[in-house]
Amino acid sequence: MRRDIVIAVLIAVVAVGWLVQRIEQREPDATGISGTALLNAAPDAFKRVTGPEPLVFPADHAMHPGFRNEWWYFTGNLFDATGRRYGFQFTLFRFAVEPGERPDSDFASDAIWMAHFAVSDVARARFNSAERFARDALGLAGATADEWWLRDWTVTRTEEGWRLRAQMDGASLDLDLAPRKPVVLQGDSGYSRKGPERGNASRYYSITRMAADGRVVLDGNAAEVTGSAWLDREWGSSQLGEGIAGWDWFALQLDDGRDLMLYRLRTEAGDASRFSAGVLVEADGGYRVLERDDFEFEEIGRWRDRLGVDWPVAWRVRLPGEGLAFEVRPAFDAQRWYATVGYWEGAVDVIDPDDGRTLGRGYLELSGYADSDAQRVGVR
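The sequence shown begins at 50 in this note's numbering and counts up by one.
Be aware that one or more of the hints could be misleading.
The following label-pair restraints were derived from C-beta to C-beta distances [said to hold, decoys possible]:
#, residue 1, residue 2, range
1, Ala-332, Arg-264, 27 to 33 Å
2, Gly-292, Asp-218, 36 to 42 Å
3, Ala-271, Thr-193, 29 to 35 Å
4, Leu-187, Arg-365, 37 to 43 Å
5, Gly-219, Ala-318, 38 to 44 Å
6, Gly-219, Pro-245, 31 to 37 Å
7, Gly-372, Glu-209, 20 to 26 Å
8, Ala-318, Asp-201, 40 to 46 Å
Calculated from the structure, these hints are not laboratory results. All figures in this text were calculated on a predicted structure; none of them were measured in a lab. Note that the Cβ used here is the ideal one computed from N, Cα and C, for glycine as well.
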């Protein structure tokens, strides 16, 4: 029996290593993983989210090995002393390949980790991005209650919040992030349904406003920056219901102190699934969950990427019950990931449709607009 376990572990380690190697050797413009598939079917041995459960902090900042998919997602907008603007994204993804507990060995690996790091230089309309992979063997990647990392890209918990450090060719970021509002539990006390079947759900919480302070370096030029950031945390196994082609996700911080998260789960017919949802967070941290009928989306502008894919980067959004109506427009169009999974994620402005005033800023994520399934993103 012990021999069988050892052989199984060796096979799993080799398989994960082979997959990581294949991913790292892909063509630069390839998007060869179907991300929507990553969020759909999962072996029955993985845990599934089937109802509300209490979340405990800081313990639930750590990884949840029994589930298949998990991510830690930072986005934000920064400004230097001259008013120059930068958007940033730092995301750590965990994809389990084997259910159950990992064997007690430094060499054992039961998950692939992927990290995405991007800095949007708004003044130059330049999108700097990098992707990394690792197994969780030998401590190359992981997430505890106090630290999340992939090699030397790290997020470390501090007394005030977190410190984020990452670098790539031509860009680096070193930020202190301090929450200004308490944790928001999405859906029903953190139980976020994405479809009609048992297990089409995730655990989902957010910190919708954090003060950001630190340094950005682009092409060797350093700038001290301040701004505002957002954290999303989510985990589950078979999350999306059948017939979901992608989604449109908005994380918006309004100048009046309110924050708004909305996502439209888009069906293959182009309609919004009834499991589309959101949350409106007041300036004092109180919040209320929004359901599908509480908001309306309308595309008002598209951008075509170099592969010929059209992305709806500009929107008109209405929340009739809240008396809110605004437009969401990109800080610049070309904030598209050409990576293992291809998607659009970038800094946006919230605009008053009547007088053009800026009402806030945030981030927009678009998935499922590529022509082939292999170009879809499915990491959220």
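How the hints compare with the structure:
1. Ala-332 <-> Arg-264: 27 to 33 Å: holds (28 Å)
2. Gly-292 <-> Asp-218: 36 to 42 Å: With Cβ atoms ~40 Å apart, the hint holds.
3. Ala-271 <-> Thr-193: 29 to 35 Å: For Thr-193 against Ala-271, whose Cβ atoms are near 30 Å apart, the range 29 to 35 Å holds.
4. Leu-187 <-> Arg-365: 37 to 43 Å: violated (50 Å)
5. Gly-219 <-> Ala-318: 38 to 44 Å: Between Gly-219 and Ala-318, where Cβ atoms are some 42 Å apart, the hint holds.
6. Gly-219 <-> Pro-245: 31 to 37 Å: violated (46 Å)
7. Gly-372 <-> Glu-209: 20 to 26 Å: Violated, since Gly-372 and Glu-209 (Cβ atoms, about 35 Å apart) do not stay within the stated range.
8. Ala-318 <-> Asp-201: 40 to 46 Å: holds (45 Å)
When held up to the earlier numbered hints, the structure conflicts with 4, 6, 7 and fits the remainder.
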